[in-house]
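Novice: Okay, here's what each chain looks like letter by letter:
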Amino acid sequence: MQTYHLDIITPVRNAFSEDVEYVSVPTKMGTVGVLPHHVGLFSSLTEGEIKIKTKQKEMFLAIGGGFMEIRGNAVTLLVSRAYHADELNETEIKKAQTAAKEAIARRTSGAELSDAYSLLRRSFIEMKVLRRYKAKHII
Amino acid sequence: MANIRLIKGRIKSAKNISQITKAMELVAASKMRKAQAQALSGKLYASKIYEMVLRLSSKVELVTHPLLTKPRDLTGKRLVILLSTNKGLCGGLNTNLFRYLISQYEGLTRNEYVVFGKKGVHFLVQSKALVVADFSLSVPFSEGIQALTELVTKEYLLHKYDGVDLVYNEFISALRQNPKKKTILPLTISGAVPPEEDMKETLVEPSYQEVFDELLPHYLENQIRDAVLQSEASEHSARMVAMRNATDNADSLAGELTLVYNKARQEKITYEITDMVTARLAVEV
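Top line first, the protein sequences correspond to chains A and B. Throughout the first sequence, residue numbering follows this note's numbering, covering 1 to 139 in sequence. Throughout the second sequence, residue numbering follows this note's numbering, covering 140 to 424 in sequence.
The set of hints was computed from the structure by calculation and includes no laboratory data. Warning: the hint list may mix true and false statements.
Said to hold, decoys possible - In silico DSSO-like links for lysine-lysine, alpha-carbon gap of 30 Å or less: (1) A:Lys55 with A:Lys101; (2) B:Lys187 with A:Lys28; (3) B:Lys226 with B:Lys257; (4) A:Lys136 with A:Lys53; (5) B:Lys170 with B:Lys151; (6) B:Lys320 with B:Lys187; (7) A:Lys28 with B:Lys293; (8) B:Lys226 with B:Lys321; (9) B:Lys170 with B:Lys154; (10) B:Lys182 with B:Lys293; (11) A:Lys94 with A:Lys28; (12) B:Lys187 with A:Lys57; (13) A:Lys134 with A:Lys53; (14) B:Lys226 with B:Lys151; (15) A:Lys53 with B:Lys187; (16) A:Lys51 with B:Lys187; (17) B:Lys319 with B:Lys187; (18) A:Lys53 with B:Lys182; (19) A:Lys57 with A:Lys134; (20) B:Lys407 with B:Lys154; (21) B:Lys267 with B:Lys257; (22) B:Lys182 with A:Lys51; (23) B:Lys187 with A:Lys55; (24) B:Lys209 with B:Lys187; (25) B:Lys182 with B:Lys321; (26) A:Lys28 with A:Lys128; (27) B:Lys173 with A:Lys95; (28) B:Lys293 with B:Lys321; (29) B:Lys173 with B:Lys226; (30) B:Lys182 with A:Lys28.
Stated by the list, open to error - Pair by pair, the computed Cβ-Cβ distance ranges are: (31) B:Leu207 with A:Glu90: 42 to 48 Å; (32) B:Glu245 with A:Asp115: 25 to 31 Å; (33) A:Glu90 with B:Val271: 40 to 46 Å; (34) B:Asp387 with A:Glu90: 37 to 43 Å; (35) A:Ser118 with B:Leu228: 36 to 42 Å.
Stated by the list, open to error - Listed next, the stretches of chain A that the computed footprint assigns to chain B, with coverage defined by at least 3 CB atoms under 8 Å from CB atoms of chain B: (36) 19 to 33; (37) 54 to 62.
Positions of the beta carbon are idealized from the N, C-alpha and C atoms, including for glycine.
Same shape as in the complex, but just chain B (with noise of 0.2 Å):
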């Protein structure tokens, strides 16, 4: 029968659907545990340099750079870094991302962006706004740091922003990522200052213009790294865990499909039986 045969063909699909989403989620969940160890080996470093800028900062108030202070004309432009994925499949969190960019800023065509990944890209086009640099092809996302740096160090001192965001998905564990939202430029160099008794006495080659020259886009690299690096963690494991709900979904139509399936097979024979046992008590009288 025709049905059958229709029903037959569907729960084999639903079992190739569920075939190929475990794989992808398998792989996602390699690769979801290579960039969380990633994102923890960069750890200590950052945080060493957070406590190095911290303490030479704190130390003198005097020194002024262009980095740490905003620009005195005000544009009303912002510079928007925006990490996104290269692939879908992965959920709500491009979604989630794109609606928090839009809850944060009003009118998304008054700043320009940057932006890591293709559906990044696609999203500003359609809303019109203006991408003045797209990473998506540096892959992994993290080759492209350093030119980004470069760039947006360029176009700050170049007064052409009030500031520059960084928006991106903050991983929080394998089952949660929120988007936010973080200012990089101007730097603000925040938290409690360690109690320093001996800091005076501490020398600073070859001068401070020149060592916070060198450490302040040092410094503002290592973060945008991090948000990278959280960024794509975040992405494998929303890939992650979207698959397996797509395989758990799969394995479960298949479930169903297979009843309705002995269902009309066992329908069609009862016909058959009671066919054969009509025509035989045709005959017999």
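Extracted from the complex, chain A is given alone in its bound form (with noise of 0.2 Å):
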């Protein structure tokens, strides 16, 4: 199967930049798959998780918000946090998602409520991507 050029892109460091056969991506629109020759397309993206097929292996990773750019036969995305799976740690994501239930519990406000709610979205997101990548791992 053909293949094209990915590159996943934080503030912080170059997080993913590999040949691979197939992504899928959560957009403002609802979730993309990108097979090669894609036709163009610039779309903003929510937080959730991405899931990539290369030539050896399928991993998935949890993401913030950010941008997916696809020119010809090269993909950007820009996201403002991405984590392979195997970054991630259970007993942390478990302790702030208790930590934001709590704060949401207390009936906190403002900044501090959209904190914890942006928190807990954040943390069951990447729950979801470790267990898919346990139970891939398992078997």
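Hey, can you piece these two chains together into the complex? The hints should help.
Specialist: In structure tokens, the structure reads:
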């Protein structure tokens, strides 16, 4: 199968740069699957998980919001954060999750509340990515 | 003798100072390396997002965005974001920056200011300028960037200011920092537009307007982040150089004082010997 080049870039690092066969990306308009020779596209992304398929393997990443640009045979994702499944730590995520839940239960307001909600959302996504990764590696 | 003891004390304090400044130099050096690495790691993202904004805006000349255009009725007032430091002991870094600030604007009090760094706040309060927000306590400064971006875009869209400028120390090398002014609002997207063949077929989702609404603040934030990281790297390198100079000075002072001390000690010994000799001669006769 043909491949194309995918770059995932965050403000602090270049999280992924390889030739891939397929990637599915959560955009504002729903999940978009990108195969080689996709039509040019510029789209804004939401928080969520990315599924990448290269020649050798399949992998998942948890990302924050950002943008995607498809030009010719190169895809660039600019996202606020990106973590590979093997970089995620289950206990850390659970801790963050409970902290966020507590903050929401305490009925905080304003910026603190929206922070808590985004933390909760993020930890759910990370958890999902981690579960998939684990399921794959046990089998 | 009192004189000798005095000199001894001064040698000791000069040596102590040199030790302290040496330690501060090392701390500043390690912080500078970190700040530099951080500034570099953001480069790729910054250049990519710049390219995206450029391409997208070159494609649609028709779309106007309030962040891209000047407000219609001018107030004559600008918002200036001043990036100074919280701590001193960094040579002429802040002084140069403030002198530059004065040279750039006629009448500091005409504009309003958002400040990072206590030194900048002190300076502006002394010159009776209006400081609307002080982000000095968000350490490291990059913590405050998001809040600042929101504040700036909001105020700008309310047409309170004609424009927003960043004034900061540009990091050129460990030995050189230059004060710099950069206008960030209204956004100017300059630079050669890369030749595009297939742009016409590109789809934009959900719509140009929505993508622009998100992309532009993001771009703005990135520019501010770049300036903040550069000014942090500047601070640490300026401090490193200042502390190295202080160490050298203290060492040379200690050296000079040691010479003086040795001379005085030698003199004292000579006096004692001549004393003894004359006393003996007096007894013999």
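Novice: For each hint, tell me whether it holds in the structure or not.
Specialist: Status of each hint after checking the structure:
At roughly 40 Å between alpha-carbon atoms, Lys55 (chain A) and Lys101 (chain A) are farther apart than 30 Å, so this suggested pair is violated. Distance check on the hinted pair: Lys187 (chain B) and Lys28 (chain A) sit about 21 Å apart at the alpha-carbon level, within 30 Å; holds. The suggested pairing of Lys226 (chain B) with Lys257 (chain B) holds, with an alpha-carbon distance near 7 Å, which does not exceed 30 Å. Of the supplied pair hints, the one linking Lys136 (chain A) and Lys53 (chain A) holds, its CA atoms being roughly 14 Å apart against a limit of 30 Å.
Distance hint between Lys170 (chain B) and Lys151 (chain B) is fulfilled; the C-alpha atoms sit about 29 Å from each other, no more than 30 Å. Among the hinted pairs, Lys320 (chain B) with Lys187 (chain B) is consistent with the structure: their alpha-carbon atoms are about 23 Å apart, no more than 30 Å. For the hint linking Lys28 (chain A) to Lys293 (chain B), the alpha-carbon distance of about 24 Å falls within 30 Å, and the restraint holds. Proposed proximity of Lys226 (chain B) and Lys321 (chain B) is supported: the alpha carbons are some 24 Å apart, at most 30 Å.
Proposed proximity of Lys170 (chain B) and Lys154 (chain B) is supported: the alpha carbons are some 24 Å apart, at most 30 Å. Straight-line distance between C-alpha atoms of Lys182 (chain B) and Lys293 (chain B) comes to about 27 Å, which keeps the hinted pair within the 30 Å bound. Distance hint between Lys94 (chain A) and Lys28 (chain A) is fulfilled; the C-alpha atoms sit about 27 Å from each other, no more than 30 Å. As the CA atoms of Lys187 (chain B) and Lys57 (chain A) are separated by approximately 27 Å, the hinted pair is consistent with the 30 Å bound.
For the hint linking Lys134 (chain A) to Lys53 (chain A), the alpha-carbon distance of about 17 Å falls within 30 Å, and the restraint holds. For the proposed pair Lys226 (chain B) and Lys151 (chain B), the alpha carbon gap of about 27 Å is at most 30 Å, so the pair holds. Our distance criterion of 30 Å between C-alpha atoms is met by Lys53 (chain A) and Lys187 (chain B), whose separation comes to about 24 Å. Between Lys51 (chain A) and Lys187 (chain B) the alpha-carbon distance is near 22 Å, which keeps this suggested pair within the 30 Å criterion.
Between Lys319 (chain B) and Lys187 (chain B) the alpha-carbon distance is near 23 Å, which keeps this suggested pair within the 30 Å criterion. This hinted pair checks out: Lys53 (chain A) and Lys182 (chain B) have alpha carbons roughly 28 Å apart, not beyond 30 Å. Between Lys57 (chain A) and Lys134 (chain A), the direct Cα distance comes to roughly 14 Å. Compliance with the 30 Å bound is thereby established for this hinted pair. Note on Lys407 (chain B) and Lys154 (chain B): the hinted pairing holds, with a Cα-Cα distance of about 24 Å set against a maximum of 30 Å.
As the CA atoms of Lys267 (chain B) and Lys257 (chain B) are separated by approximately 15 Å, the hinted pair is consistent with the 30 Å bound. For a cut-off of 30 Å, the pair hint linking Lys182 (chain B) to Lys51 (chain A) stands: about 26 Å separates their Cα positions. Proximity of Lys187 (chain B) to Lys55 (chain A) is assessed by CA-CA distance (about 26 Å); at most 30 Å being required, the pair is judged to hold. Between the alpha carbons of Lys209 (chain B) and Lys187 (chain B) the distance comes to roughly 26 Å, so the proposed pair stays at or under 30 Å and holds.
With a C-alpha separation of about 17 Å, the suggested pairing of Lys182 (chain B) with Lys321 (chain B) holds against the 30 Å cut-off. As the CA atoms of Lys28 (chain A) and Lys128 (chain A) are separated by approximately 19 Å, the hinted pair is consistent with the 30 Å bound. Using a Cα cut-off of 30 Å, the hinted pair Lys173 (chain B) and Lys95 (chain A) holds, with the two alpha carbons roughly 29 Å apart. Taking the CA atoms of Lys293 (chain B) and Lys321 (chain B), the gap is about 19 Å. The hint holds against a cut of 30 Å.
Our distance criterion of 30 Å between C-alpha atoms is met by Lys173 (chain B) and Lys226 (chain B), whose separation comes to about 18 Å. With a C-alpha separation of about 27 Å, the suggested pair Lys182 (chain B) and Lys28 (chain A) falls inside the 30 Å cut-off, and the hint holds. About 45 Å separates the C-beta atoms of Leu207 (chain B) and Glu90 (chain A), a value consistent with the hinted range of 42 to 48 Å. Checking the proposed 25 to 31 Å range against Glu245 (chain B) and Asp115 (chain A) shows it is violated: the Cβ atoms sit about 42 Å from each other.
Range check, Glu90 (chain A) to Val271 (chain B): Cβ separation about 44 Å, and the 40 to 46 Å hint holds. At roughly 53 Å, the beta-carbon separation of Asp387 (chain B) and Glu90 (chain A) lies outside the given 37 to 43 Å, and the hint is violated. Under the hint 36 to 42 Å, the C-beta atoms of Ser118 (chain A) and Leu228 (chain B), about 39 Å apart, fit the expected range. Coverage of the region 19 to 33 of chain A by chain B holds. Counting CB-CB distances below 8 Å, 3 residues qualify, and the rule asks for three or more.
Chain B is given as covering the region 54 to 62 of chain A, and this is violated because 0 residues of the stretch bring a CB closer than 8 Å to a CB of that chain, at least three being needed.
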